[in-house]
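Engineer: Each chain, written out:
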Amino acid sequence: MTTGFQRCGEFALALLLLLLCAAFRRTLEADPVTHMLVQLPALAWAGWLFAGVASVRRPRLEAAPTNAGGGAGLLIVFFGIVFWMLPRSIDGALTSPEIEAAKFLTVPFLVGAPLRLSWYRAHPILRGFLLSNALSMLGVLAWLYMAAPIRVCNSYLVEDQQRLGLAFLLVALSLAAIWGGRLFFKPDGGSAGDLLPDLKANGSTSYDT
Amino acid sequence: MSMTSTAAPSPQTGAVKVAMLISGAVFVLMMLVGVLMRAAQGDLLDLDPALFYQLMTAHGAGMVGTAGLSGAAIMWYFLGRHVALTRWVFHIFLALFLLGVVLILGAIFLGGFGAGWTFLFPLPAISGGAWDLGAAAAFLLGLVSIGVAFLLFYLEAGRAMISAYGGLGNALGWPLAFGGSTENAPPPTIIAAATVTVFNTLGIVVGAAVLVVSLINLYLPEFAVDALLAKNMIFFFGHVFINASIYMAVIAVYEVVPEYTGRPWKSSRIFALAWASTLLFVMAVYPHHLLQDLVMPGWMLIMGQVISYLSGIPLLAVTAFSLIVYLKGSDIRWDLAAGLLVLGVAGWSVGSVPAIMDGMISVNKVMHNTQWVPGHFHIYLLLGEVAMAFGFMAWLVRGDVAQSRFTTLDRLGIWVYIAGAGGFTLMFLISGALSVPRRWAVHMEDWLTQDRIATGFAVLAVLGALIFVLRFVGGLGRSSKA
Amino acid sequence: MRPFLAILAIALMGVTLIWQVTDGARAVTAEGARRLHAVERTPTMPSPYLTDMSGKTVRLQPDVGGVALVEFIYTACPTICRYAGDSFARLKGRLAAAGLAKGVRMFSVSFDPLRDDPMALSDYAETHGADGDIWKVGAPAVTDLRGLLSGYGVTVIADRFDGYEHNAAIHLIDERNRLVGIFDIDDIDGVVEAIRR
Amino acid sequence: MQATILVISLLGMIAVIAIFLRAISHGATASQSGTVSDNIEQKRSRLIWGLLVFGVIVTAGSLWNWPHDAEASSDSISVNVTGGQWFWEMDRETVPAGKPIIFNVLSKDVNHGMGVYTADGTLLFQAQGMPGYVNKVKYIFENTGTFKILCMEFCGLSHHDMNASFKVVANASGEK
Chain A
1 MTTGFQRCGE
11 FALALLLLLL
21 CAAFRRTLEA
31 DPVTHMLVQL
41 PALAWAGWLF
51 AGVASVRRPR
61 LEAAPTNAGG
71 GAGLLIVFFG
81 IVFWMLPRSI
91 DGALTSPEIE
101 AAKFLTVPFL
111 VGAPLRLSWY
121 RAHPILRGFL
131 LSNALSMLGV
141 LAWLYMAAPI
151 RVCNSYLVED
161 QQRLGLAFLL
171 VALSLAAIWG
181 GRLFFKPDGG
191 SAGDLLPDLK
201 ANGSTSYDT
Chain B
1 MSMTSTAAPS
11 PQTGAVKVAM
21 LISGAVFVLM
31 MLVGVLMRAA
41 QGDLLDLDPA
51 LFYQLMTAHG
61 AGMVGTAGLS
71 GAAIMWYFLG
81 RHVALTRWVF
91 HIFLALFLLG
101 VVLILGAIFL
111 GGFGAGWTFL
121 FPLPAISGGA
131 WDLGAAAAFL
141 LGLVSIGVAF
151 LLFYLEAGRA
161 MISAYGGLGN
171 ALGWPLAFGG
181 STENAPPPTI
191 IAAATVTVFN
201 TLGIVVGAAV
211 LVVSLINLYL
221 PEFAVDALLA
231 KNMIFFFGHV
241 FINASIYMAV
251 IAVYEVVPEY
261 TGRPWKSSRI
271 FALAWASTLL
281 FVMAVYPHHL
291 LQDLVMPGWM
301 LIMGQVISYL
311 SGIPLLAVTA
321 FSLIVYLKGS
331 DIRWDLAAGL
341 LVLGVAGWSV
351 GSVPAIMDGM
361 ISVNKVMHNT
371 QWVPGHFHIY
381 LLLGEVAMAF
391 GFMAWLVRGD
401 VAQSRFTTLD
411 RLGIWVYIAG
421 AGGFTLMFLI
431 SGALSVPRRW
441 AVHMEDWLTQ
451 DRIATGFAVL
461 AVLGALIFVL
471 RFVGGLGRSS
481 KA
Chain C
1 MRPFLAILAI
11 ALMGVTLIWQ
21 VTDGARAVTA
31 EGARRLHAVE
41 RTPTMPSPYL
51 TDMSGKTVRL
61 QPDVGGVALV
71 EFIYTACPTI
81 CRYAGDSFAR
91 LKGRLAAAGL
101 AKGVRMFSVS
111 FDPLRDDPMA
121 LSDYAETHGA
131 DGDIWKVGAP
141 AVTDLRGLLS
151 GYGVTVIADR
161 FDGYEHNAAI
171 HLIDERNRLV
181 GIFDIDDIDG
191 VVEAIRR
Chain D
1 MQATILVISL
11 LGMIAVIAIF
21 LRAISHGATA
31 SQSGTVSDNI
41 EQKRSRLIWG
51 LLVFGVIVTA
61 GSLWNWPHDA
71 EASSDSISVN
81 VTGGQWFWEM
91 DRETVPAGKP
101 IIFNVLSKDV
111 NHGMGVYTAD
121 GTLLFQAQGM
131 PGYVNKVKYI
141 FENTGTFKIL
151 CMEFCGLSHH
161 DMNASFKVVA
171 NASGEK
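Chains as they are written, first to last, in this note's numbering: chain A, 1 to 209; chain B, 1 to 482; chain C, 1 to 197; chain D, 1 to 176.
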């Protein structure tokens, strides 16, 4: 059960994340690795926390029949991620203030928030499928950035691009280790904020049918 | 005796029977393709090399895929005895599998794709004019579809086992293996299924990555792929996948043989340890496919040789040894199912001998990519996995146990199959020892005699297989009336 | 039913969005988009005055009825700009051989005007054989630089060796000062072909 | 070499078959008391330890001299062998007998396998050729004569037609 105190804390943390991302915008965006793997995830996390707090106040958010099974929300997340994986969008955020502003709105509210509102409603198999795919696709991204014959972002150096590729690979390997490890040693992992499928409940109570 | 014939019926007998019917039919069909290839090599038949290599690709993809399908059906069936599985997952699995088959067949026979089932980078993209990129893409997409099918299958299997046993570690039998705790020890089926679920999920994740990379590279060749890395990923995926099919099929032995011997197959500590080491070995042994890639790090090649040998120990000292003990200590009532299941374990064990030999670097220098290689893997597929699958099929439709008989036709089928498959694989080994390279559409004059003898044996093996499949179809008719 | 409709609607919107922002799945990088837009939208380019290698002032634009080829460089560049200079030299030879040199002006424009004084520019011109007639090497005023680069869509970033990385390319400018094509710096055939048309 | 491998393998396979056949024919003759079960576990662990010890010996013996050693030495001669769809290119047509020859195996397009055969069709050694890498393999030819190169890795439509030959000549006349 989330206490009011915890809720306040989460809300504050979300605000803090947004604030830090904005305040250290230049520093974070100077390097594609921190741009893609620190700033964007932090923004998404902020959205995740906001949605968590909001859904406590308005439980209907989390039970919206339109989002039964979490499919609609996860699809929004999917397109949000696809958009921000386009090198054009990343370049755009660096050169156009409008696109930069859009980033601060869409990553929290079209990636992080819908993920929080949909993830636990999704069938465990769908969640497992998405997680496994995330691993494969992070591997593919790693290769794409390391093997690209051209500079994909005009705003970043070629060597930064290759470093980003390597970073994607490391993220994929760490996520594989963390997710895999939990399946072995912490099967009851299903607490709030936990991305792991809620497996112990045998699915039946934790997700929509 | 409690765990045997009185077990609750598996929830999805119908779907499993459909999967086994498809498997049996494809096995026979692909064996016929094999006969054609051997006949063409023996110059008994005039096949255009382009067509030969298309048939070779179809034979490889078809056999590996169907070995996987039949293994998965066996695992699903018996896993359903122990944990609650979600029914629709198996239907989606079958549908995606068939979609993949359609794409692959289209790529091969409409698009002319013939790069071998291993789609070794960059051959799919560089065909020398034999097929276009669309065909290569359709083939790779077909494999992706089959990969997704298996991923969903294992996710559901994993979910069900984790929720029933509280964590994969427990389902793998690790408390039993490493702590000696017999409390709540999972049955052999669970330990085997959990092990396969772990390593094949990893294999599929790696396979998906290399497939997507290959697909992108087809259309954007400037995104270069490192040929050595691609080879490592492909052989990791391929090796793990084909091993998974055997390790899934052996579940039929654990579950069915006790019905005949009257002695339950129990999870002992050594059993759990064997599977724990198998988990490691299956994933670490794949460099034995790369022993002639001299740029590979030396330690990986040594690892390939050492683990290739070590892999034989759990098989011989645990599964085969236990089966032998059970056979010796009991008055088994033979029928087609029992005969084929025992044959499966025997064939698998026998096949491990030439496999381990080929896993030695110095042997590999003169045996790699000769017909020795198809020789050894045909032994433990044709006489191993496929025999187990046929055995499971026979068991599925054997009707009332008391009335189950070992008919003359059954005995004939088994002996024809053993003689055919045995002679056929022996010819491969002999040809390999005579330095005949594998995967050649046209053979030299000196090699024709062996090819022709092998073709004869292959026909016998197909006849045996045909008997098993027809018996199964007949049994389906009977059981639906009952 | 409702979730199904929602999924359908989101899928439609999402595909439309991605289709739109990639110009119909044709450009996923900013550079790809810039090249595509040059051909499709032919935007008008700024034409500031440059100080060329002999200290004279020239305007960055084609002669009346002619075309211009523009590339961006900095003379201290150890790698890509040398390569660009070589390819411009070869291009000049090809154009002369094809009898196309008459209506063409070539500009190597420095984006490092602080360091690239006429002396540096003339060194560069000499190294690569820029004649000062058809092919001029010049630098804009510092105040014009930003507008020039953003007009062309060229992004210049500092690398770690006191130099720069930028999206190097050959820009084709028509007689009305519109950008009509962007080519890789080694795509000499492509440039010649485009000018012929 | 190959004959020995075949014989050893066949003996191993026959042994496994014999054990299975014996078990099948001896069914129902063994007693089923608990002591036998202990005896079985003892046998099993003896089998495992036996296999392990045997494996250590064989592994050490077979790897003592690293089979893939391709160190260049002062008298070694390098040959570049390049595979392409569907031909072999060699930068020398003759090599001397008795000297270490280092084959640098390359590929112009896809994966190939350089298999070096004697004139009567015995495979002596092989190495993969793959794009972007140079695989080095060393061999000392003891006999002179014509040797063949066949392709060992499936490389497309004319994989089986991809062959070449070269000569091994007496040491003295070997080119510098």
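It should be emphasised that the hints constitute simulated quantities derived from the structure, not laboratory data.
Hints are supplied without guarantee of correctness; some may be wrong.
Computed list of chain C residues with no C-beta within reach of chain A, every gap over 12 Å [claimed, not checked]:
id : residue
1  : ARG34
2  : VAL39
3  : GLY99
4  : GLU165
In silico DSS-like links for lysine-lysine, alpha-carbon gap of 25 Å or less [claimed, not checked]:
id : chain 1 : residue 1 : chain 2 : residue 2
5  : C       : LYS92     : C       : LYS56
6  : D       : LYS43     : B       : LYS328
7  : D       : LYS43     : B       : LYS266
8  : D       : LYS43     : D       : LYS108
9  : D       : LYS167    : D       : LYS136
10 : D       : LYS167    : D       : LYS138
Which stretches of chain B does chain D cover? Using the computed rule of at least three CB atoms under 8 Å from a CB of chain D, they are [claimed, not checked]:
id : stretch
11 : 45-55
12 : 84-95
13 : 158-169
14 : 240-248
15 : 296-305
16 : 309-321
Treat the numbers as computed from the prediction; the structure is a model and nothing was measured.
Even for Gly, the Cβ is constructed at its ideal location relative to N, Cα and C.
Engineer: Hint by hint, say whether it matches the structure.
Structural biologist: Hint by hint, here is what the structure shows:
1. For ARG34/C, the shortest C-beta to C-beta distance to chain A comes to about 8 Å, within the 12 Å cut-off, and the non-interface label is violated.
2. Taking the minimum C-beta to C-beta distance to chain A, about 17 Å, the non-interface status of VAL39/C holds against the 12 Å cut.
3. Annotated as non-interface, GLY99/C keeps its C-beta farther than 12 Å from every C-beta of chain A; the closest such distance is 34 Å.
4. Not every CB of chain A lies more than 12 Å from the CB of GLU165/C, the least distance being 5 Å, so the non-interface label is violated.
5. A distance of roughly 22 Å separates the Cα atoms of LYS92/C and LYS56/C; the hinted pair therefore holds under the 25 Å criterion.
6. Our distance criterion of 25 Å between C-alpha atoms is met by LYS43/D and LYS328/B, whose separation comes to about 14 Å.
7. With a C-alpha separation of about 18 Å, the suggested pair LYS43/D and LYS266/B falls inside the 25 Å cut-off, and the hint holds.
8. Distance check on the hinted pair: LYS43/D and LYS108/D sit about 55 Å apart at the alpha-carbon level, beyond 25 Å; violated.
9. Restraint check for LYS167/D and LYS136/D: satisfied, since their Cα atoms lie roughly 20 Å apart, inside the 25 Å limit.
10. Between the alpha carbons of LYS167/D and LYS138/D the distance comes to roughly 16 Å, so the proposed pair stays at or under 25 Å and holds.
11. Counting residues of the stretch 45-55 of chain B whose C-beta sits closer than 8 Å to any C-beta of chain D gives 3, which meets the bar of three, so the coverage hint holds.
12. Beta-carbon proximity to chain D at under 8 Å applies to 0 residues in the stretch 84-95 of chain B; the threshold of 3 is not reached and the given coverage is violated.
13. With a threshold of 8 Å between beta carbons, the proposed coverage of the stretch 158-169 of chain B by chain D is violated, since 0 of its residues qualify and at least three are required.
14. For the stretch 240-248 of chain B, the stated coverage by chain D is violated: 0 residues have a C-beta nearer than 8 Å to a C-beta of that chain, whereas at least 3 were required.
15. A stretch counts as covered by a chain when three or more of its residues have a beta carbon under 8 Å from one of that chain; for the stretch 296-305 of chain B and chain D the count is 4, and the coverage holds.
16. With 9 residues having a Cβ less than 8 Å from any Cβ of chain D, the stretch 309-321 of chain B passes the three-residue criterion, so the hint holds.
Hint compliance for this structure: hints 1, 4, 8, 12, 13, 14 are broken, all remaining hints hold.
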